[in-house]
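Protein chains: 2
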Amino acid sequence: MTSSTRHPAEFDPIALVIDLHERNEPQRIRDFLQEQDEVEVAHLLESLPPRERQYIWEFIPAACQADVLEELDDGVRNNLLEALPEASVIRAIREMEEAELVDLLESVPDRLAGAILKSLTEGARTAIQQRREYPEESAGRYMDTEWIAIRADVSLDVVARYLKRLDALPPHTDGLMVIDREGYYQGKLSLSSLLTGHGSKRVADVMQVDADKVGVLDLSEDWVDLFEERETESIAVVDADGKLVGRIAVDDALDIIRELADHQVMHMAGLDEDEDLFAPIIPSAKRRMFWLGINLLTAFLASSVIGLFAATLEKLVALAVLMPIVASMGGIAGSQTLTLAIRGLALGQISAANTRWLAIKEVVIAGINGVVWAVVVGLIAWLWFHDPKLAGVLAAAMIINQFAAAIAGLAVPLVLERSGIDPALSGSVILTTVTDVVGFMSFLGLATWLLL
Amino acid sequence: MTSSTRHPAEFDPIALVIDLHERNEPQRIRDFLQEQDEVEVAHLLESLPPRERQYIWEFIPAACQADVLEELDDGVRNNLLEALPEASVIRAIREMEEAELVDLLESVPDRLAGAILKSLTEGARTAIQQRREYPEESAGRYMDTEWIAIRADVSLDVVARYLKRLDALPPHTDGLMVIDREGYYQGKLSLSSLLTGHGSKRVADVMQVDADKVGVLDLSEDWVDLFEERETESIAVVDADGKLVGRIAVDDALDIIRELADHQVMHMAGLDEDEDLFAPIIPSAKRRMFWLGINLLTAFLASSVIGLFAATLEKLVALAVLMPIVASMGGIAGSQTLTLAIRGLALGQISAANTRWLAIKEVVIAGINGVVWAVVVGLIAWLWFHDPKLAGVLAAAMIINQFAAAIAGLAVPLVLERSGIDPALSGSVILTTVTDVVGFMSFLGLATWLLL
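Going line by line, the protein sequences match chains H and G. Note that the first sequence covers residues 1 to 452 in full-length UniProt numbering. Note that the second sequence covers residues 1 to 452 in full-length UniProt numbering.
Please keep in mind that the hints were generated in silico from the structure rather than gathered at the bench. As the structure is a computational prediction, the values presented were derived from the model and not from experiment. The reader is advised that the hints may include incorrect statements.
What the hints assert, rightly or not - In silico DSSO-like pairs for lysine-lysine, Cα to Cα no more than 30 Å straight-line:
| no. | chain 1 | residue 1 | chain 2 | residue 2 |
| --- | --- | --- | --- | --- |
| 1 | H | Lys389 | G | Lys315 |
| 2 | G | Lys118 | G | Lys164 |
| 3 | H | Lys315 | G | Lys164 |
| 4 | H | Lys286 | H | Lys243 |
| 5 | G | Lys118 | H | Lys389 |
| 6 | G | Lys164 | G | Lys213 |
| 7 | G | Lys213 | H | Lys164 |
| 8 | H | Lys201 | G | Lys315 |
| 9 | G | Lys213 | H | Lys201 |
| 10 | H | Lys315 | G | Lys286 |
| 11 | G | Lys286 | G | Lys315 |
| 12 | G | Lys389 | H | Lys286 |
| 13 | H | Lys243 | H | Lys164 |
| 14 | H | Lys389 | H | Lys315 |
| 15 | H | Lys164 | G | Lys164 |
| 16 | H | Lys164 | G | Lys315 |
Claimed, not checked - Just a sample of chain G residues kept apart from chain H, beta carbon distances all over 10 Å, derived:
| no. | residue |
| --- | --- |
| 17 | Asn24 |
| 18 | Glu86 |
| 19 | Ala87 |
| 20 | Ser107 |
| 21 | Arg181 |
| 22 | Leu191 |
| 23 | Trp291 |
| 24 | Arg418 |
All residues carry an ideal CB built from backbone N, CA and C; glycine is no exception.
Kindly produce the complete structure, drawing on both the sequences and the hints.
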């Protein structure tokens, strides 16, 4: 092993902290954490087992604890907060941003949420409760309330002089909000126009009157793409009357995109999108137990199909040897179609108008691949069991199951989506049930009919 | 059906375009496309079958075609370009950004890339070739070369007057680049400091001297998180000597995050991360054929394990009925561990120091869930086949396979990652092989040993 000072690329903060915890060296931990910014500390906490997390938490400077909580994955944050003493939690959340605090309050146990609410000032509590009335995922939940507002009838020089009286602009300020006397949103004065426009021009002459705005109740799926499309860093949030009430910024979009991304991959494995890798064991085991239980039901369904053909299997044991191939190849092909379809639905690329073309495409692909691999599988089975009729039945079942996989891979997510059920979560269970049942049924059924 | 004008929420541009294509109404298509921005057109192209894509492409105003190409998913863009006549492609790419064009040239067929290169001016060709020398995914590939540079020794008033001579700032300008006479990067003057600082102050007094910068060869995985961490919209790119050579912006980060996100979910199904939902059928079938072939090998491996126990199966057909349950429950549990581990690796949360804790966690969870579901499965099998010894063997095999699934679910991605192989792509094939082989081997092996 080489020393970490000579090879900084191999320096592993996770190993360092675990080591310092084992040797119980609080001062060195304190010194180390002092040098890290909140993002580094958050990443470290996400990479530590529960005991080490709790241990180092108390060494994080109190002024930084709220920032670290804001950076943590939701799953990790909740597991940490539940493990900490209530007083530590209340101290840590004191400096948190309102939007983050609302999110936190909704995901921690009620008892802790109650204690946190009680610790807030009257004003903060009211603000939080107002924000909680906006639906989850709405702009009202994400928006911040820091912005610079100006009137349309002043000159750029007046705006510039006004800004000189401030210490700094709020983060992600790429423009100023133009509002009228009553607070109605009128447009955006981009910093670019402010800086390059002649000082005698009026705001009204250079502002974007058609600047994007989102309603306070609009859901994130409807506005998250705007940041990519319009090359903007902040968008005004208005109420039903058109009054300016907040501002969403590009960092919200980054968070939302990351979450959407995790959603499909985690849900397809029956996991929560913010599942904590180092979650405590017992709650993790419970959550996964449920998913295994669901899958057990479908496994028994497939078994009972096989059970129907017990008499056939008794006479021809080669069927038992070959039957998993039919089911497995169906499952693989089906999950390719399913993955594409779930992503297409998430991106809004599938509509009633193009479903027919998609269905034809998937069925033709199933036909091509079904025939190609049926021939290969059939030849191998023939060589293995010296039974051309068995090989033929296997090949035919393969083709049937490839078609079933293509149709189910497309139809299952479409039907689930239309019924308001998340296709990422339940799609693969239903699909595998279809490909197992059709695979066993077609192979053993054809064998019973043709080989006995 | 209701009319789309009365119910704008139900208006489906995909249906409209397919309908106008069928009725061959070029003027109405042209009018419709004229009203859409490049993002809307790109999304529409992504949602259309190949024939409709080609048909409407020629109606997109020539001035917008480059912008649309930049917005398209790579897979869709390549499929479209390959289907278009060469002259159309060359016309379309004329206005494309350099970084986008380099990316395009690397992914279209060589013949088309050659024709595009030949159509460029000498200067553009040289710039492209220089950029292609940077490694894929490096900052040099993503950076743009539009920025505003200033000197450190001038006053803010001078900077402000200089900006007044420009028409606009480049997109995503949240600060100006401070460089010295030789072009070395010295820091960033944020627009916030420029606008709020006193005009007589010098740039050197208010600029961020520790502003982030990335090396032109640094890979995106090393800098993409900076945009989230530092609340910044643009970062300077410097060469090995520290000279300013470009600028990466938050829209690159959004793209990269989306791609990373698609990577795991698509690769776990053996698909390309930018797989086009409406790709032409034959190439799609070929790509998926390969993946089915790989999986067929593993299916035959599982079959051959069953084949070893043909004599046992002949005597006790209940084994054939129950054996898929053991394999399936192992596969489900294993893929949960695998999904978590691949995501943890991608996020850099797994290191040598915490692997032991993770392994213990996964094995304990496997133990808990293995025992719980073994009891359930055992009881059901006992009731079904009235054979307590068979039920016991089934339960024991379930527990063994849950342990195998946990160990393989964690070890397979770790070993693949260390060997430089993408665990998202090959992890699930290997895992299923392990859970199938261990599942069949333990169940049929125990049965042969204990029941006959």
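Legend entry - Given as non-interface: glutamate 86 of chain G, partner chain H, CB spacing beyond 10 Å: holds (26 Å)
Inset, instruction - Would you mind confirming whether the straight-line C-alpha gap from lysine 164 of chain G to lysine 213 of chain G stays at or under 30 Å? - result: holds (27 Å)
Legend entry - Pair hint lysine 389 of chain G and lysine 286 of chain H, alpha-carbon separation not exceeding 30 Å: holds (29 Å)
Legend entry - Non-interface label on alanine 87 of chain G, tested against every C-beta of chain H at 10 Å: Non-interface label stands for alanine 87 of chain G: nearest chain H Cβ at 28 Å, farther than 10 Å.
Inset, instruction - Quickly compare the C-alpha distance for lysine 243 of chain H and lysine 164 of chain H to 30 Å and report which way the hint goes. - result: At roughly 26 Å apart (the allowed maximum being 30 Å), lysine 164 of chain H and lysine 243 of chain H satisfy the hint.
Legend entry - 30 Å limit on alpha-carbon distance, applied to hinted pair lysine 315 of chain H and lysine 164 of chain G: violated (90 Å)
Inset, instruction - Compare the distance between the alpha carbons of lysine 213 of chain G and lysine 164 of chain H with 30 Å, and conclude whether the hinted pair is satisfied. - result: holds (28 Å)
Inset, instruction - Quick one: work out the minimum CB distance from leucine 191 of chain G to chain H and report holds if it exceeds 10 Å, violated otherwise. - result: About 5 Å separates leucine 191 of chain G from the closest Cβ of chain H, which leaves it inside 10 Å; violated.
Inset, instruction - Take a quick look at whether lysine 118 of chain G and lysine 389 of chain H sit within 30 Å of each other, Cα to Cα. - result: Judged against 30 Å, a Cα distance of about 59 Å means the pair is violated.
Inset, instruction - For the pair supplied as a hint, lysine 389 of chain H and lysine 315 of chain G, confirm whether the alpha-carbon distance does not exceed 30 Å. - result: Judged against 30 Å, a Cα distance of about 24 Å means the pair holds.
Inset, instruction - Compare the distance between the alpha carbons of lysine 164 of chain H and lysine 164 of chain G with 30 Å, and conclude whether the hinted pair is satisfied. - result: holds (17 Å)
Legend entry - Hint consistency between lysine 118 of chain G and lysine 164 of chain G [alpha-carbon to alpha-carbon, up to 30 Å]: violated (39 Å)
Taken one by one, the earlier hints fail for this structure at numbers 2, 3, 4, 5, 8, 9, 10, 11, 16, 22 and 23, listed in ascending order.
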